[in-house]
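Trainee: Below are the chains, spelled out letter by letter.
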Amino acid sequence: MVARAARDIQSGMTVNLGIGLPTQVIEHIAADMQVCLHSENGIAGIGPAQPYDAADRNLIDAGGAYVSPVAGTSYFDSAVSFALVRGGRLDLTMLGAFQVSMHGDLANWKIPGLFTPGAGGGMELAQKAKQVIVLTTHTDRKGRSKLVQECTLPLTARGCVARIFTDMAVIDVTPKGFALCEIAAGLTTDDVIKATDAPLAVPRGKIPTF
Amino acid sequence: MVARAARDIQSGMTVNLGIGLPTQVIEHIAADMQVCLHSENGIAGIGPAQPYDAADRNLIDAGGAYVSPVAGTSYFDSAVSFALVRGGRLDLTMLGAFQVSMHGDLANWKIPGLFTPGAGGGMELAQKAKQVIVLTTHTDRKGRSKLVQECTLPLTARGCVARIFTDMAVIDVTPKGFALCEIAAGLTTDDVIKATDAPLAVPRGKIPTF
Amino acid sequence: MRLPDKTTTMRDAIGEITDGATVMIGGFGVPGTPFCLIDALVQQGTKDLTIIKNDANESGMGVDHLLKNGQVARLITTHIGLNPRAIEMMNAGDMAVEFCAQGILAERIRAAGAGLAGILTDIGIDTELGEGKQRVSVGGHSQMVEAALGADFALIHAGQADPFGNLCYAGTAQNFNPAMAMAANTVIAEAEVVRPLGQLAPNTIHTPGPFVDRVVELTELTEEYAVVRR
Amino acid sequence: MRLPDKTTTMRDAIGEITDGATVMIGGFGVPGTPFCLIDALVQQGTKDLTIIKNDANESGMGVDHLLKNGQVARLITTHIGLNPRAIEMMNAGDMAVEFCAQGILAERIRAAGAGLAGILTDIGIDTELGEGKQRVSVGGHSQMVEAALGADFALIHAGQADPFGNLCYAGTAQNFNPAMAMAANTVIAEAEVVRPLGQLAPNTIHTPGPFVDRVVELTELTEEYAVVRR
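Top line first, the protein sequences correspond to chains A, B, C and D.
Oh and the first sequence: position 179 is 179 in the working numbering, straight run, nothing missing.
Oh and the second sequence: position 45 is 45 in the working numbering, straight run, nothing missing.
Oh and the third sequence: position 177 is 177 in the working numbering, straight run, nothing missing.
Oh and the fourth sequence: position 202 is 202 in the working numbering, straight run, nothing missing.
In short, the hints are calculated from the structure, not lab data.
Where a beta carbon is used, it is the ideal one built from N, C-alpha and C, also for glycine.
Some chain D residues near chain C, calculated using beta-carbon distances under 10 angstroms:
| hint | residue |
| --- | --- |
| 1 | G103 |
| 2 | A117 |
| 3 | V136 |
| 4 | S137 |
| 5 | V138 |
| 6 | A147 |
| 7 | A148 |
| 8 | C168 |
| 9 | Y169 |
| 10 | A201 |
Could you put together the complete structure from these sequences and hints?
Mentor: Shown next, in the form of structure tokens:
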């Protein structure tokens, strides 16, 4: 799933990989790929993660992981960093989710009464990146679908998500709702439909696997 | 007058000297004075003016004069430069004037139908510096007083001027209007009153000269 | 002309911070967090503080000491997910927490530093963070007023400084420091090294000296500044 | 991963600028003015332009060539006192001129670059520049809405660049360049030197590469860049 998501990154893009699963995407980007990775704490041009012994104490991504620079890296402050996000210079962000609705609404910052970490930079990434992709487990720890008709949790942004990568499937958010694109090897369409708490459009013919 | 104005600069101040007469004040600041000169084009810590042969083509003040750095100079962009002005970090500005009213109103950017250079950074300097001092000839080329009851020219900022240095006098702007503080050597109080197109409070006793 | 010298001791630097003050603190995680200034504030014991900081650090680090010591009445922040104490105190009502979108927090602080009354944005307009905020129509689109957010004091961490208060930050340690270093009535910077005037290249200074009131050179970097092995 | 190469020729860099475009141009006086990009625009002959620039340069320099050539329909600026042609054209109605307070022009441009709808300020509120502007009350004080000001293109002059578009400015040549380099749909930078990727220290970059679309290395500095002997 993470490897599959990495294939959606195109040459020339500036990309922000959110905390959690999305961060792992970096390991699947080809070395000769022309891409600029951004992190909202103030870096453009992120190189591979660093082990603790080799880490620069002043060089982290927004998730707190120690990263390395590449040739052409720049550092900047939070105001400039989000100028980049809101100003239309961020081509793609990959984010985690608590819930995604069939309208593309995203909830990933607050579970009232249970866990309220805060949105961090998530609202701006979700609302202003040119393309928003969600990477998440298809269901939560209790087995409930994270893909829903309407989000019951407080929103991060409305109508922002274009595509969802889960451990079960690749699903597009279309004007008509969720549409199945690809399926994890070994699963059936019915498995995905059952795990999805909203209508799921299934294309005719064989569905690609990943 | 310029030398006298320089004496109003106090140790520790950050000061902006406007285009024209105010720029000349720099030549009268003592070498051991602790002061930071700012120019709105993006420099803090301005040193002496440079002759053309020694000039750095990238180092000017807002008036276009070639300047030098001192130990501790910084360069920054226009947004940061005016953040300094509006944000309360500019202790004093000295500006030129077309007219100053007895209420402290300043007009120095537009003579309708005759000359409209634009305000440049003057509105922000006049409105937001902690202290605004005007340096100007007492009268214009046609002999009309620049110190007036009400400005007839478009305003730069209202109620901003605290003190005026002219070739004839040092005049404070008080809640009651203009008040004579000092007088140029060789002039009489009557000379100043005649050249001033507004009431002028004259203190009892001998008036200091400069 | 010479530029003023603003260097002072740690104790004097923070001595004026009194109970009830609003204090903004730089840093995003470890980089840029002024751990020594925070420790001095813990030792001083100042209470009822409003703290403005991107995050609440992690357990046993930085702002967490202030929380543990009961010094914080209110926290304006973007993310406290790495500090269970902060979440507990919020849930128990022991500390008021105001969440702000991260870039909007930066812009609100910057607006205060830039002498603006506020900014107009639609970030969070469809969320509960947008509820109750004043709306203004600009070019036919509904925008929210996000008021400038200043403070009485700012605590800043710089990699390098000079005695006039010119500051340079290292790597991702810039984060909220440059904006906060413009936005408080009194700006207090700790620096890993204070170099003589003229040793910082004028082109590479991130925070110009006129914004800074006090500079403290750190005698040593405590363990909190080091790489965190999780 | 590698970062994209955005270097191109002068002609290709500005080829997409078409009649009626809005073009913001860096510079405050000589420093930071992209004279070669302006010259290329003069040679291309693009008409009916809206130009956003701090000043109109001086006679025979920079923007004055565009004015003389009749290419500018509208100028948004702060000060044109050093260009008699600009004042004449304004007075004769041959060119619309919109004045803006200098720092507010910078903030409006920066707001566009930062994806904000605008800022709230009281600068000029008692002047004719404040007439007709939308008012908003913030904290009981009347403020004006100053809308974000973006452009189709930005023409930028940098001292140094790299192929990805990281830019460093020299001395007082920063001025409007960093804000404009964020605020246009297409950002075109000329640079005195384009250094190989990795040669600019990441801490000293004024404009990060993701904001920049095209980079042109200057083959020579024309006389307009030199010290002006008045």
